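Peer 1: Between the sequences and the hints, there should be enough to build the whole structure, so can you do that?
My numbering puts the first residue of the sequence shown at 132, with every later residue one more than the last.
For the record, the hints were derived by calculation from the structure and aren't laboratory data.
The structure displayed is predicted, hence computed values, not measured ones.
Quick reminder that beta carbons are idealized off the backbone N, C-alpha and C, glycines included.
A few of these clues could be false.
[Unchecked claim] Derived Cβ-Cβ restraints for the label pairs, each shown as a range:
1. Thr142 to Glu241: 28 to 34 Å
2. Thr533 to Pro712: 24 to 30 Å
3. Arg524 to Ala899: 44 to 50 Å
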Amino acid sequence: MPRREDAELLTGRGRFIGDLQRPGMLHAAFLRSPYPHARIESIDSSAATAMPGVHAVLTGADLPEDLGAQPNTHLFGERETPYYALARERVRYAGEPVAVIVAESPYVAEDARDEIVVDWEPLPSVGDAELAVADGAPLVWPDRDWPDNVCGTFETEMGNVDQAFDEADVVVTESYRIQRQFACSLEGRGVLAEWDQNVDELTIWTSSQIVHIVRDLLSAVLGLPEHRIRVLVPRIGGGFGAKFHFYPEETAVALAARATGRPVRWVEDRLESFLATVHAREQRVRISMAARDDGTIIGVKGDLIGDMGAAMHTVGYGPLWLTAVMLTSVYEIPSARVRARAVVTNKTPLGSYRGWGQPQANFVVERTVDRLAEELGIERVELRRRNFIPPERLPRKSLHHTLDSGDYRACLDRAMELVAERRWYERQAELREQGRHVGIGISFYTENSALGPSRMINEGGVQQGGYDIARVRVEPGGEVTLYTGLCEMGQGLTTALAQVCADNLGVHPDQINVVHGDSSQVPYTGYGTGASRGAAVGGAAVMKAAGSAREKVLRIAGHMLEANPADLEAEDGRIFVRGTPSASVTMADVGRAAYIRAIELPDGEDPGIEAVEAFDPPQFAWPYGANVAVVEVDVETGEVSFLDYLYVHDCGTIVNPAIVEGQIQGGVAQGIGAALFEALPYDEEGQPLFATFMEYVLPTAAELPRLVMEHQHTPSPNIPGGMKGVGEAGAIGSPAAVVAAIEDALAPYGARITETPVTPAAIVAMVARAGVASV
Numbered sequence: 132m133p134r135r136e137d138a139e140l141l142t143g144r145g146r147f148i149g150d151l152q153r154p155g156m157l158h159a160a161f162l163r164s165p166y167p168h169a170r171i172e173s174i175d176s177s178a179a180t181a182m183p184g185v186h187a188v189l190t191g192a193d194l195p196e197d198l199g200a201q202p203n204t205h206l207f208g209e210r211e212t213p214y215y216a217l218a219r220e221r222v223r224y225a226g227e228p229v230a231v232i233v234a235e236s237p238y239v240a241e242d243a244r245d246e247i248v249v250d251w252e253p254l255p256s257v258g259d260a261e262l263a264v265a266d267g268a269p270l271v272w273p274d275r276d277w278p279d280n281v282c283g284t285f286e287t288e289m290g291n292v293d294q295a296f297d298e299a300d301v302v303v304t305e306s307y308r309i310q311r312q313f314a315c316s317l318e319g320r321g322v323l324a325e326w327d328q329n330v331d332e333l334t335i336w337t338s339s340q341i342v343h344i345v346r347d348l349l350s351a352v353l354g355l356p357e358h359r360i361r362v363l364v365p366r367i368g369g370g371f372g373a374k375f376h377f378y379p380e381e382t383a384v385a386l387a388a389r390a391t392g393r394p395v396r397w398v399e400d401r402l403e404s405f406l407a408t409v410h411a412r413e414q415r416v417r418i419s420m421a422a423r424d425d426g427t428i429i430g431v432k433g434d435l436i437g438d439m440g441a442a443m444h445t446v447g448y449g450p451l452w453l454t455a456v457m458l459t460s461v462y463e464i465p466s467a468r469v470r471a472r473a474v475v476t477n478k479t480p481l482g483s484y485r486g487w488g489q490p491q492a493n494f495v496v497e498r499t500v501d502r503l504a505e506e507l508g509i510e511r512v513e514l515r516r517r518n519f520i521p522p523e524r525l526p527r528k529s530l531h532h533t534l535d536s537g538d539y540r541a542c543l544d545r546a547m548e549l550v551a552e553r554r555w556y557e558r559q560a561e562l563r564e565q566g567r568h569v570g571i572g573i574s575f576y577t578e579n580s581a582l583g584p585s586r587m588i589n590e591g592g593v594q595q596g597g598y599d600i601a602r603v604r605v606e607p608g609g610e611v612t613l614y615t616g617l618c619e620m621g622q623g624l625t626t627a628l629a630q631v632c633a634d635n636l637g638v639h640p641d642q643i644n645v646v647h648g649d650s651s652q653v654p655y656t657g658y659g660t661g662a663s664r665g666a667a668v669g670g671a672a673v674m675k676a677a678g679s680a681r682e683k684v685l686r687i688a689g690h691m692l693e694a695n696p697a698d699l700e701a702e703d704g705r706i707f708v709r710g711t712p713s714a715s716v717t718m719a720d721v722g723r724a725a726y727i728r729a730i731e732l733p734d735g736e737d738p739g740i741e742a743v744e745a746f747d748p749p750q751f752a753w754p755y756g757a758n759v760a761v762v763e764v765d766v767e768t769g770e771v772s773f774l775d776y777l778y779v780h781d782c783g784t785i786v787n788p789a790i791v792e793g794q795i796q797g798g799v800a801q802g803i804g805a806a807l808f809e810a811l812p813y814d815e816e817g818q819p820l821f822a823t824f825m826e827y828v829l830p831t832a833a834e835l836p837r838l839v840m841e842h843q844h845t846p847s848p849n850i851p852g853g854m855k856g857v858g859e860a861g862a863i864g865s866p867a868a869v870v871a872a873i874e875d876a877l878a879p880y881g882a883r884i885t886e887t888p889v890t891p892a893a894i895v896a897m898v899a900r901a902g903v904a905s906v
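Peer 2: The following block contains the structure:
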């Protein structure tokens, strides 16, 4: 089925935050800190306020005294890092909002911003997590009486780790540096707020993945009851996790609307997106892997440092936690010990990005498995085969989660069959004889999708649910309205949910109107749109609601046809007696009976056809897959080009193959960006060094391979319908495969790559110092 979302976008009819207009609307601009750490001695906004067209300038001093701090919904026992819509007294990163200017146009607001005079007292700052944990490092939160910059520590262990390492024949240890990135969606963030002062109600349009959570957090911060806040989400130009957060600008724009009595809109510019949208990924990981001579991995140790930036932003140090608990991956490893330290620095706060902490974990594990294979003299595919959890031992408790189902070996074997069919090992040898540097890299991943159950994640510190609720209503004319709390952000969610609803209700997908992105209309979603849970958890809730509505449809149709409901079928909007298709009624006939012609209802049947159902998954679902990258490296220029990319995966039941393949293509593209191009470096004091696309390089179509993709299907036992989720899968395993391929291509130079991105400059330097052990 074609994606229903595309026609509107391709014809320019999609309405994003930047397209919205309200009567009397004003525009906002933010003054942001140029310093990574400074005390605000004074702010003089008089010149800005006096400018024609300026309606208000708000600073931290103008915020209500009872205004709440920006909330963190993922609590892992970390120290509190309270920050506000606008900085009060002190800033802790370059880009932190200090004032909001409201004017007749964004240009007037920006001009007025230049007239604000701030008396700054620069303070000692630190821009690197390893420097931040060193003795004598500047404190990011000196006003909180912390002894150091470690805001949270997580430790977990299973099995007898010390015994495993004592008995091991081989132990390999490696340290990895994973760079800072950000989601970099095509559309930046944006907010439009309108405050009806007659009834003290706030309506806010925001580019967000979490419609109900934004409402709840606005309520908590503003002290305004939830029923007086309406959150609307228009078209989203990509989210990728960064829009899973609740930002200071959402609070500040709401306050600006209240202060001016006019609607106020703010649309983030690209510089702001570099400085103020949450960053992601940055970690330092030291891992040790213990094994027997036959290749059996018997233990893992991990020590992680996560650079969280200046504060815990909405999801706390959740991504770092996820990296820590994923360090055993799909392997049958009996013992593991992991420590993760969340460290604050004077940098933009860290947060969500496609895969959360899973790309980091996969990179570390898969590269270390390759190291172990080299040390043992065992072929790297064979080493993985020997350590996979076999299908007959699934479900199986791993370091923290319970992996549910699948056949990892069959998946990897099929990927290697594709390698053999395309003669890549033979071709690699031939090309190397010609002096070309061709490498083949392999990685295997699993992804925790379908986040839940609610009780488990609540016990873990998440102040949100893992459930989803759907409402399905058959209208009087036979059309169907599906209400979901999830948000469409380009991933094809409305198409997929319409298909699930149609299949379970017995109508054509074109008969279904999907309503989303309006907190006043749609049912509550426990977690929001993220964690690869749209089709799995949201789809399961839709299945249940559509199934309940179908039961009533069949009861009414059975009465109309004088047939037992159990003998009826529903298909393409027609209900008929099984084996006698001519004995039928349409969904429109049933709708009229339900709403208009009560005389046609069975005795005791209530009018209307509407069902509301919730689904709370009993456990995560676990898609998995194999990546094989084939690259050629130009050792003179450092350029990496793709000769092939093979992808074999299992995400359970597939609702729409085209959507699944699109998700994987996009995820792999982002993984390649992580491996080769993207980075957000800072200097030692916390000044950002990259803040434009001149420095922050994204892959284009010219740099990306055409994927050869195959699907395998092992339905999840935890999800009705068997869907496992796929939204983050492509981004998880691809960096490890690409870097492994580069390292293989540079094997004559003794390359050992432990840091991303692997830029052309890094490759040229590596070749120049051939034989050095790491980049």
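Peer 1: None of the hints should be skipped; say for each whether it holds.
Peer 2: Status of the hints after comparison with the structure:
| no. | hint | in the structure |
| --- | --- | --- |
| 1 | Thr142 to Glu241: 28 to 34 Å | holds (32 Å) |
| 2 | Thr533 to Pro712: 24 to 30 Å | violated (45 Å) |
| 3 | Arg524 to Ala899: 44 to 50 Å | holds (48 Å) |
Checked against the numbered hints given earlier, the structure breaks only hint 2 and satisfies all the rest.
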